[in-house]
Amino acid sequence: GEDVEQSLFLSVREGDSSVINCTYTDSSSTYLYWYKQEPGAGLQLLTYIFSNMDMKQDQRLTVLLNKKDKHLSLRIADTQTGDSAIYFCAERWMDSSYKLIFGSGTRLLVRP
Amino acid sequence: DGGITQSPKYLFRKEGQNVTLSCEQNLNHDAMYWYRQDPGQGLRLIYYSQIVNDFQKGDIAEGYSVSREKKESFPLTVTSAQKNPTAFYLCASSMGDAGMSSYNSPLHFGNGTRLTVT
Numbered sequence: 001g002e003d004v005e006q007s008l009f010l011s012v013r014e015g016d017s018s019v020i021n022c023t024y025t026d027s028s029s030t031y032l033y034w035y036k037q038e039p040g041a042g043l044q045l046l047t048y049i050f051s052n053m054d055m056k057q058d059q060r061l062t063v064l065l066n067k068k069d070k071h072l073s074l075r076i077a078d079t080q081t082g083d084s085a086i087y088f089c090a091e092r093w094m095d096s097s098y099k100l101i102f103g104s105g106t107r108l109l110v111r112p
Numbered sequence: 001d002g003g004i005t006q007s008p009k010y011l012f013r014k015e016g017q018n019v020t021l022s023c024e025q026n027l028n029h030d031a032m033y034w035y036r037q038d039p040g041q042g043l044r045l046i047y048y049s050q051i052v053n054d055f056q057k058g059d060i061a062e063g064y065s066v067s068r069e070k071k072e073s074f075p076l077t078v079t080s081a082q083k084n085p086t087a088f089y090l091c092a093s094s095m096g097d098a099g100m101s102s103y104n105s106p107l108h109f110g111n112g113t114r115l116t117v118t
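From first to last, the protein sequence lines stand for chains F and E. Everything in the first sequence is counted per our numbering, starting at 1 for the first residue and increasing by one. Everything in the second sequence is counted per our numbering, starting at 1 for the first residue and increasing by one.
Mixed in with the good hints there might be a few duds.
What the hints assert, rightly or not - Only pairs whose alpha carbons sit at most 27 Å apart, straight line, appear in this in silico DSS-like list of lysine-lysine:
1. E/K57 - E/K70
2. E/K9 - E/K57
3. F/K67 - F/K56
4. F/K36 - E/K57
5. F/K68 - F/K56
6. F/K36 - E/K9
Unchecked claim - Computed footprint of chain E on chain F, listed as stretches where at least three residues anywhere in the stretch have a Cβ under 8 Å from a Cβ of chain E:
7. 43 to 52
8. 100 to 111
Unchecked claim - Taking CB as the label site, the calculated pair distances span:
9. F/P39 - E/T20: 22 to 32 Å
10. F/E38 - E/N53: 29 to 39 Å
11. E/R44 - F/V19: 18 to 28 Å
12. E/T20 - F/D54: 43 to 53 Å
13. E/Q17 - F/N66: 42 to 52 Å
14. E/K83 - F/D69: 30 to 40 Å
15. F/K68 - E/I51: 35 to 45 Å
16. E/G96 - F/S28: 18 to 28 Å
17. E/G16 - F/D54: 45 to 55 Å
18. F/D69 - E/G96: 22 to 32 Å
19. E/Q41 - F/D69: 20 to 30 Å
20. E/D38 - F/D78: 29 to 39 Å
21. E/K57 - F/P39: 26 to 36 Å
22. E/N104 - F/P39: 27 to 37 Å
To be clear, the hints were calculated from the coordinates, so they are not data collected in a lab. Beta carbons are placed, not taken as given, at the ideal position from N, Cα and C, and that holds for glycine.
Modelling step: build the complete structure from the supplied sequences, incorporating the hints.
Structure representation (structure tokens):
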């Protein structure tokens with residue numbers, strides 16, 4: 001199937017780390033992406049990882065990929081109130097469309 | 001600055017009327033996409049186009065139509081046949097697939113159009 005799954009909600013205190021998890025379906029996926037959506041806006045690309053990598057770090061963001069379990073995570077260090085948003089993971093579908101399949105999104109709430 | 005422009009931001013229509021949502025990009029991207037987002041749900045693909053004058057149905061194409069006469073433009077028409085048209089519509093573009101699985105082609109999104117049909 002094409003389901004990309006994420007937990008719906010995460011609440012953390014300002015300054016703590018946030019970890020948002022995602023499971024995907026296609027074992028042949030090449031690129032996996034994390035997007036951020038603020039209220040009433042489009043999706044902003046945060047980071048991505050190629051499937052031959054285990055980890056990618058980009059400033060406060062760390063992406064971990066476990067290909068065996070088809071598990072992807074996004075860690076946000078020193079979470080700020082401005083990080084409150086919905087976070088989507090997406091996998092690049094490896095048929096002729098090369099389309100992206102999105103999860104349902106995780107709403108992150110950062111408490112002061 | 002390059003980007004994707006969706007207009008209008010808010011759109012209101014009466015049931016039974018067709019409505020067209022605009023999407024324009026100046027990123028020189030080959031591929032363009034329309035997604036629909038409903039509250040608490042992920043994005044569902046309506047239509048996509050990998051090249052001018054060609055487009056394919058996505059997962060929920062019924063009740064929608066598109067055209068791709070210019071590289072920069074990919075308008076979406078929501079027809080009266082669409083049973084539940086009220087939603088947030090997102091347009092995106094990418095460089096395309098280049099026919100290579102190792103080719104990184106993330107989607108870049110517009111700011112969306114919120115359509116309300118009463």
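Taking the hints in turn, this is what the structure says about them:
1. Straight-line distance between C-alpha atoms of E/K57 and E/K70 comes to about 18 Å, which keeps the hinted pair within the 27 Å bound.
2. Distance check on the hinted pair: E/K9 and E/K57 sit about 24 Å apart at the alpha-carbon level, within 27 Å; holds.
3. Between F/K67 and F/K56 the CA atoms are separated by roughly 14 Å; this keeps the pair inside 27 Å, and the hint holds.
4. Note on F/K36 and E/K57: the hinted pairing holds, with a Cα-Cα distance of about 26 Å set against a maximum of 27 Å.
5. This hinted pair checks out: F/K68 and F/K56 have alpha carbons roughly 17 Å apart, not beyond 27 Å.
6. The hinted pair formed by F/K36 and E/K9 meets the criterion: a straight-line CA distance of about 19 Å does not exceed 27 Å.
7. A stretch counts as covered by a chain when three or more of its residues have a beta carbon under 8 Å from one of that chain; for the stretch 43 to 52 of chain F and chain E the count is 5, and the coverage holds.
8. For a cut-off of 8 Å, the count of residues in the stretch 100 to 111 of chain F with a CB near a CB of chain E stands at 5, and the three-residue condition holds.
9. In this structure the hint that F/P39 and E/T20 lie 22 to 32 Å apart at CB holds, the actual value being about 25 Å.
10. About 35 Å separates the C-beta atoms of F/E38 and E/N53, a value consistent with the hinted range of 29 to 39 Å.
11. For E/R44 and F/V19, the hinted distance range of 18 to 28 Å is satisfied, since their beta carbons lie about 26 Å from each other.
12. Remark: the range hint 43 to 53 Å for E/T20 to F/D54 is upheld by a beta-carbon distance near 45 Å.
13. Against the hinted window of 42 to 52 Å, the Cβ-Cβ separation of E/Q17 and F/N66 comes to about 49 Å, which satisfies the hint.
14. A hinted range of 30 to 40 Å holds for the C-beta pair E/K83 and F/D69, which are about 38 Å apart.
15. The hinted window of 35 to 45 Å between F/K68 and E/I51 holds, with their beta carbons roughly 37 Å apart.
16. Roughly 19 Å separates the CB atoms of E/G96 and F/S28, a value that falls within the hinted 18 to 28 Å.
17. Distance hint check for E/G16 and F/D54: the Cβ-Cβ separation is about 54 Å, which falls inside the suggested range of 45 to 55 Å.
18. F/D69 and E/G96 have their C-beta atoms about 31 Å apart, which keeps the hinted 22 to 32 Å range intact.
19. Taken as a hint, the range 20 to 30 Å holds for the pair E/Q41 and F/D69, whose Cβ atoms sit roughly 25 Å apart.
20. A hinted range of 29 to 39 Å holds for the C-beta pair E/D38 and F/D78, which are about 33 Å apart.
21. In this structure, E/K57 and F/P39 meet the distance hint of 26 to 36 Å, their C-beta atoms being roughly 30 Å apart.
22. For the pair E/N104 and F/P39, the supplied restraint of 27 to 37 Å holds, since their beta-carbon distance comes to about 28 Å.
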